[in-house]
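Engineer: Each of the two chains sits in its own frame; use the hints to bring them together as a complex.
For the protein sequence lines, the chains are A and B, in the order given. So the first sequence is residues 1 to 50, counted in our numbering. So the second sequence is residues 1 to 261, counted in our numbering.
If you're looking for bench data, these hints aren't it; they were derived computationally from the structure. Warning: the hint list may mix true and false statements.
Derived pair list, reagent style EDC-like, types lysine to aspartate or glutamate, alpha-carbon separation capped at 20 angstroms [what the hints assert, rightly or not]:
1) A/Lys11 x B/Glu64
2) A/Lys31 x B/Glu64
3) A/Lys30 x B/Asp39
Covered, in the sense of this in silico footprint (three residues per stretch, anywhere, with C-beta under 8 angstroms from a C-beta of chain A), are these stretches of chain B [said to hold, decoys possible]:
4) 11 to 25
5) 77 to 87
6) 207 to 219
7) 248 to 261
Positions of the beta carbon are idealized from the N, C-alpha and C atoms, including for glycine.
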Amino acid sequence: MEKTIIGKEAKELDKKNITERMRLDRNSGKKIIAAIMIYILSMILFYFYL
Amino acid sequence: MELLWYIVIIAFIFEAMDSMAGMGFGTALTPLLLIFDFDPLQIVPAILISETITGVIDTYFDHEMKNVRYSFKPLNDATKYGLIFAFFGCIAIVASVMLTYATFKLNKTFIKAYVAILVLMMGFVGILKLSIKRGKQYTFKPKMLTAFSALAGFNKGIGGGGYGPVITLGQIYSGVYEKSATAIVSFSESIVSFVGILSFFLIQNLGVPIDLVLLPSLFTGGFLAALIAPYLVRVFPNKIWKIFIPIYAIGIGIYCLIRLF
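Next up, chain B with everything else stripped away, as it sits in the complex (with noise of 0.2 angstroms):
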């Protein structure tokens, strides 16, 4: 085993931004990694592995933080919804992974450009309807919130990615507090991370080669953000999520853009 310094600085930074801001992790990291000479089955199943257990971890310190509460008996609405989020991510990281190794391809420039637009345009709108709304809350709207869950779902299935900030900016447009929004995405990541491991198991039955090599450092890198990331949530007033939020989804829309070219 063998912890690589560089990688656990990446992973951190990267962690916490997803933490703070709902996403990034699997966008940003991933093509970083690969610009390193990673291999994608060294990636992908050990940023799985790493997001399941940390995102656990991320999930009980945001409701300790109070950034969001969950309870299931009774079962309240934050946890009703991260689990409607993680089913139709579950879905849809079982057909990327089958869709990846499947002799049925999709045009994946394509799919990506739709995606990254769709992010850079829900970005902008975030930010438009902030001068527009000056700082008021969006009105709870519960359909609109299945609808988004269906739309990240369906766009991380066909190989696009974008879940996080689909989900995230999709919650606090159907008026869900922006801190509670960014805690609730980490819960179902972890759920719909964990059934990626299974598909990736299922996949290494089946004779592909899977390498853990990166594990520890994206782990270690990864569980310090997600203790630290919660307590920064909770200390800084809303208004800078608000904020940080949309002008970081512009950020990873113009990031998935560039790649494209």
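Isolated chain A (complex conformation) (with noise of 0.2 angstroms):
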């Protein structure tokens, strides 16, 4: 049979300490602000639209 295959990274994630898996990338915080920026995009849209 074969092993388990979909999660191995979330898997090996887990193995370190919880200090560790907090802590995030510089690009994680700019992926935020875009996702950010793409909700008030979205809400203008609603504003003008609905």
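Structural biologist: Okay, here's the thing in structure tokens:
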């Protein structure tokens, strides 16, 4: 039988301590800001079209 | 456009639970909004549009937080099974939207009781297996995974719901890591929701009115949850999700049974 292959990276990350799991890359911060911009743009669209 | 803050809070809570446990947004939120006197044609299309966008955000951040890794070139297993779940889900959602407006009616109480008992049983089996296997991971079984996705699609298609719980618990029984299982559900649900919107627009062209008054509120709550939930899934250890997912499924199963009486 095959071994579990889906979730390998999550499993490896789980072996690290909580402080390391809490730490995010600098790029992740930028991506969160980009997501917030998508939210604001969506709300502007809703404001004009709904 | 108006933001209803109680809807924002409720949407945030249920979307966060849905992203973390892979189930509950449609099953639990729709009846709650019906209690608040909203019409199904105000609720379902708004939920589907919100789920499509928040599902994409959730999927992206689950990948970013390494809860699961997607790859289209080459196609990896997580992406492949996410697409298989979406395929069955898409057939199901088109069937269930059409059935709702067709003259042909199924015995809803019987179907909903069957799905509630199935979800309840799967939750109990999850808890039982947890105590028997003592934290060990299941062996990966691809055929079982496909069978569960067909079963989930069938349940949703006949109008019984329970797509998220069956897919999530089915993945776990088939050997997918719990954190990744909930993430893959968000990926397939965003595709399924998009196809659901298309079905509703088709119905709208046939003269059925759709009201999107709930969309900004559901979207605001859902969006915040889709940003936060992948991070929480990453930070909390998998053993927490191992216990939380079947217990939440049992809760949803009991809630569905109570609603029948």
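Engineer: Are the Cα atoms of A/Lys11 and B/Glu64 separated by 20 angstroms or less?
Structural biologist: holds, 15 angstroms
Engineer: In terms of beta carbon proximity below 8 angstroms, does the segment 77 to 87 of chain B have 3 or more residues touching chain A?
Structural biologist: As far as the segment 77 to 87 of chain B goes, the hint holds, because 3 residues have Cβ atoms under 8 angstroms from chain A.
Engineer: Count the residues of the segment 207 to 219 of chain B with a beta-carbon closer than 8 angstroms to any beta-carbon of chain A: does the count reach three?
Structural biologist: holds (count 5)
Engineer: Is the listed coverage of the segment 248 to 261 of chain B by chain A valid when you require three or more residues with a beta carbon under 8 angstroms from a beta carbon of that chain?
Structural biologist: It is violated: at least three residues are needed, and the segment 248 to 261 of chain B offers just 0 whose Cβ sits closer than 8 angstroms to chain A.
Engineer: Tell me whether the statement that chain A covers the segment 11 to 25 of chain B is true, taking a Cβ distance below 8 angstroms and needing three residues at minimum.
Structural biologist: violated (count 0)
Engineer: Please verify whether A/Lys31 and B/Glu64 have alpha carbons no more than 20 angstroms apart.
Structural biologist: holds, 9 angstroms
Engineer: With the threshold set at 20 angstroms, check whether the alpha-carbon distance from A/Lys30 to B/Asp39 stays at or below it.
Structural biologist: violated, 39 angstroms
Hint check: violations occur at hints 3, 4 and 7; the rest are consistent with the structure.
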